[in-house]
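Use these hints to put chain C onto chain E, whose structure you have.
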Amino acid sequence: MIAIIRSEWLKMRTTAVPWVLTGIALVINGLLILVYFVNHGSGGGGGGGGGGGGPDAGTFGVPDYPHTTQQLRNLLGSGFTGYLLALLLGVLCITTEFRHKTVTTTLLVTPRRAQFVAGKLITSAILGALLAVIMLVATLLGGGLTLTAQGGSFTDLLRQVPAVAPGMILVFALFAILGVGIGSLLTNQVAAIIVVLGWFIIVESILVGLVNSAEKWVPTGAATAASNLTRGMGSRFGLFPWWQGGLLILGYGLFFAVVGSLVLTQRDIT
Amino acid sequence: MPAAIEVRQLSKDFGSVRAVDDLSFEVVSGRVTGFLGPNGSGKTTTLRILLGLVSASSGTATFGGRPYAQLGDPVRHVGAVLEATSFHPSRRAEDHLKAVAIGAGIPISRVDQTLELVGLGDVARRRVGKFSMGMRQRLQLATALLGDPEILILDEPSNGLDPQGIQWLRTFIRHQASLGHAVLVSSHLLSEMEETVDDVVIVSHGRLVLQTTLAELAGRAGTRTGLRIRSPELPRLIALLDAIPVAYRQVAHDVLAIDGASPEWFGPFAAQHQIVLYELVNERGSLEEVFLSLTHGFDATDPRLAGGEAAPAGYAPVGPGPVQMPGGAT
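Quick note, the sequences are listed as chains E and C, same order.
Following this note's numbering, the numbering of the first sequence begins with 1 at its first residue and continues without gaps.
Following this note's numbering, the numbering of the second sequence begins with 1 at its first residue and continues without gaps.
Treat the hints with care, since some could be wrong.
[To be verified] If the Cβ cut is set under 10 Å, some of the chain E residues that face chain C in the computed set are:
(1) Lys11
(2) Thr96
(3) Val103
(4) Thr106
(5) Leu108
(6) Arg113
(7) Asp268
In short, the hints are calculated from the structure, not lab data.
A virtual CB, placed ideally from N, CA and C, is assigned to each residue, including glycine.
Isolated chain E (complex conformation):
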């Protein structure tokens, strides 16, 4: 299995897909950091000069200080929307094989279809987690620098990592798994992308709009719960605890992956 994952890793690395998706995620991340500082930046310079040290940790949490713990967590989680790109990464990881007919060669190396899907699941999960880490590092650098320049404390931001990072990495990895699951069931790349984007942009919001209680069950609600962030659209009431949200996404992902590999096992590769 390690050989298959290394092979998948090389295949992903040698196509444009992960680089482009990471690029898009970074751009969105940067914009959201910018939005954060536009909203919260005005009072931040109150500390005076551009000194690197800024106010000491003791000032943190004082009511008139603009950055509360929750705000800092939201800042650190700026890259969170990138989980949709992790999902696409998973979808593309498997559908590209069918689009470019490379699946024949892959299945000659890995004739057992379940093993083939498992290799994709694990590789995509690793890539998804890596994408989350890249987002976090980029935010720490970009957000941290801006924060420091405005007299805030980089250490305070860094202190939020244990609260934000695990949920974010988990959600990215799980959504990559979900993507592979969907892609294994819907091997037509264009169709799979349309279905995925259609669901997250249109269907889900209509569904939640009609049935409010559905919010905690849909993938976005589960992701928001699992992220441990309050960012996220709509009501934040009635979401699952973070671990249940994570399990829910994992459940969706594995459901599609199992059904997908079963369908794939029956499928003739012509």
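For chain C alone, coordinates are given in the frame of chain E:
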């Protein structure tokens, strides 16, 4: 010695279409077996079933008794070049091979070796999207050879190769057989394979027509004679021939082959009906003709032959030609 490849009573239905029908044959080591039949006769489907890409409706297809998926290290035992396989266009040739090597646990050093072997050493770092048909075919072959397998399966491998490439491929295939490897190579043209194969497995409509040695097939060819006629008045000639019991085959828009006929019969016949001839060639039967008559000359993708004029009545069965020649000695 057990057969390297064994196909037993294999059948495959795609919906209501039976692509492979109760097909059985064997391929032994150290010999090149030509898997021959017209386009659409089930060759590719059979090969894909062998390689576990397509599931069989019934029957078995095994390597030394084991199906492909149960070979453990399949790429080290079986190398395959299949049609409708492709590469990711933005991946470099060497990266494509590295991915296969890593996945199959083959030393990375084999990548450069096989690229050199197929003559792609200079373009190893070029993206496959920029490759020509012939280069892709060579890269496919490199992929098949990566694991130094003792069984090679090649589906129409000369497609897209230039004449030098085809010559190189022949030498290569013969060399593989001389190493004691089993080679199964499919083609819709026997003439392309005449110099390469030892054994032939001929299929038509998914069914086995004949499994024999090339030598035996050549023996059959020697007993066949016929005429090749080029004429601007082919439609009129065909109308005349339809009235008498004679087997003919339209080879091109102005060329007709008449099995078993002699110039001594046809010359006077043409004169009598005042048919203009551009060419009249007395032919000793070629292997290709035996092959075509064995497979009923039916090519599913050839509209000319699939059309009405290729009525089965127009074809003679394998054997010593037409039954009677009115007005002429045969």
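Q: Any hints from earlier that this structure breaks? Give me their numbers in increasing order, please.
A: none
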